[in-house]
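Generate coordinates for the entire structure from the input sequences, incorporating the hints supplied.
For the sequence shown, numbering that gives the first Met the number 0 assigns the number 0 to the initial residue and increments by one for each residue that follows.
If you are wondering where the hints come from, they were derived from the structure by calculation, not from laboratory data.
Any given hint might turn out to be false.
[What the hints assert, rightly or not] In silico DSS-like pairs for lysine-lysine, Cα to Cα no more than 25 Å straight-line:
(1) K182 / K166
(2) K127 / K166
(3) K182 / K112
(4) K44 / K112
(5) K127 / K94
(6) K111 / K44
(7) K94 / K44
(8) K94 / K131
(9) K138 / K111
(10) K112 / K131
(11) K182 / K131
[As the list claims (entries may be wrong)] FRET-style restraints, in silico, Cβ to Cβ:
(12) E181 / Q23: 40 to 46 Å
(13) E121 / Q25: 28 to 34 Å
(14) Q87 / H132: 18 to 24 Å
(15) D170 / E62: 22 to 28 Å
These numbers were taken from a predicted model, which means no experiment stands behind them.
Backbone N, C-alpha and C fix where the C-beta goes; we use that ideal spot for every residue, glycine too.
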Amino acid sequence: MILFPTAYSQETIERRFENLESLQIQDIHAALFWDSEGLVACIIKTEANSNGRYDVIASLDLEATQWDGEPALAVEKYWQKDNLSQVQGVVVDPKLRDFGLATYIYTSLIVKKGLILVSDNEQYIGGKALWKHIARTSKELVVYVFDSENGLFYPFDADERIAYDGKNIDDYIIWSDSPSREKYDIVMIAEQNLK
0 MILFPTAYSQ ETIERRFENL ESLQIQDIHA ALFWDSEGLV ACIIKTEANS
50 NGRYDVIASL DLEATQWDGE PALAVEKYWQ KDNLSQVQGV VVDPKLRDFG
100 LATYIYTSLI VKKGLILVSD NEQYIGGKAL WKHIARTSKE LVVYVFDSEN
150 GLFYPFDADE RIAYDGKNID DYIIWSDSPS REKYDIVMIA EQNLK
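Here it is as structure tokens:
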């Protein structure tokens, strides 16, 4: 996972990343970049710092769903799409945490690159809040709760999955309190809302 402060040279950005779009956060000019081989999305300032490098202000690291042709994620066995990636970590510059940059990155990757994102198996307070926020507010994405051990979508005993809206499924069904790993196999899955 990328830790701050991180900065890239212009050459590295050009060699490694695809520029998805420009954005402005208050007085900061930046762009969202995607590395499809490394499965990393970064929001990088477009103005060089004093060392001639470009500062990363937010980053999302994903994990590949297949290694050597074998499923790497439990959810892969039950999801017949190859554009599935699991969140490994998201980091946002502490000074910019109130600007929705993590939500923006998730949404952009799902809508612009056609990815389906799976939450990390271990959710911290910030991760829980992010997934709830996306489920509650996003018109572009839909979120589902999935039991990766048993290959079942919530409500786990029905033929049809129910979209999570941030409040219609009790927290105790989705997350366990640390250090308990009781809900380790429960993950969130976000995909583009095509309705």
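Against the structure, the hints come out as follows:
Restraint check for K182 and K166: the C-alpha separation of about 18 Å stays at or below 25 Å, so the hint holds. Distance hint between K127 and K166 is fulfilled; the C-alpha atoms sit about 12 Å from each other, no more than 25 Å. For the proposed pair K182 and K112, the alpha carbon gap of about 30 Å is over 25 Å, so the pair is violated. For the given pair, K44 sits about 21 Å from K112 by alpha-carbon distance, which is consistent with the 25 Å threshold.
Under the criterion of a C-alpha separation no larger than 25 Å, the hint pairing K127 with K94 is consistent with the structure, at around 20 Å. A C-alpha spacing of about 20 Å is found between K111 and K44, which places the hinted pair at or below 25 Å, so the restraint holds. Using a Cα cut-off of 25 Å, the hinted pair K94 and K44 holds, with the two alpha carbons roughly 14 Å apart. Taking the CA atoms of K94 and K131, the gap is near 22 Å; set against the 25 Å cutoff, the hint holds.
Restraint check for K138 and K111: the C-alpha separation of about 15 Å stays at or below 25 Å, so the hint holds. At most 25 Å may separate the alpha-carbon atoms for a hinted pair to count; K112 and K131 meet this at roughly 22 Å. Note on K182 and K131: the hinted pairing holds, with a Cα-Cα distance of about 16 Å set against a maximum of 25 Å. Range check, E181 to Q23: Cβ separation about 43 Å, and the 40 to 46 Å hint holds.
For E121 paired with Q25, a C-beta distance near 32 Å keeps the hint of 28 to 34 Å intact. For the pair Q87 and H132, the beta carbons lie near 19 Å from each other, so the given range of 18 to 24 Å is met. Taking the beta carbon of each, D170 and E62 are about 25 Å apart, inside 22 to 28 Å as hinted.
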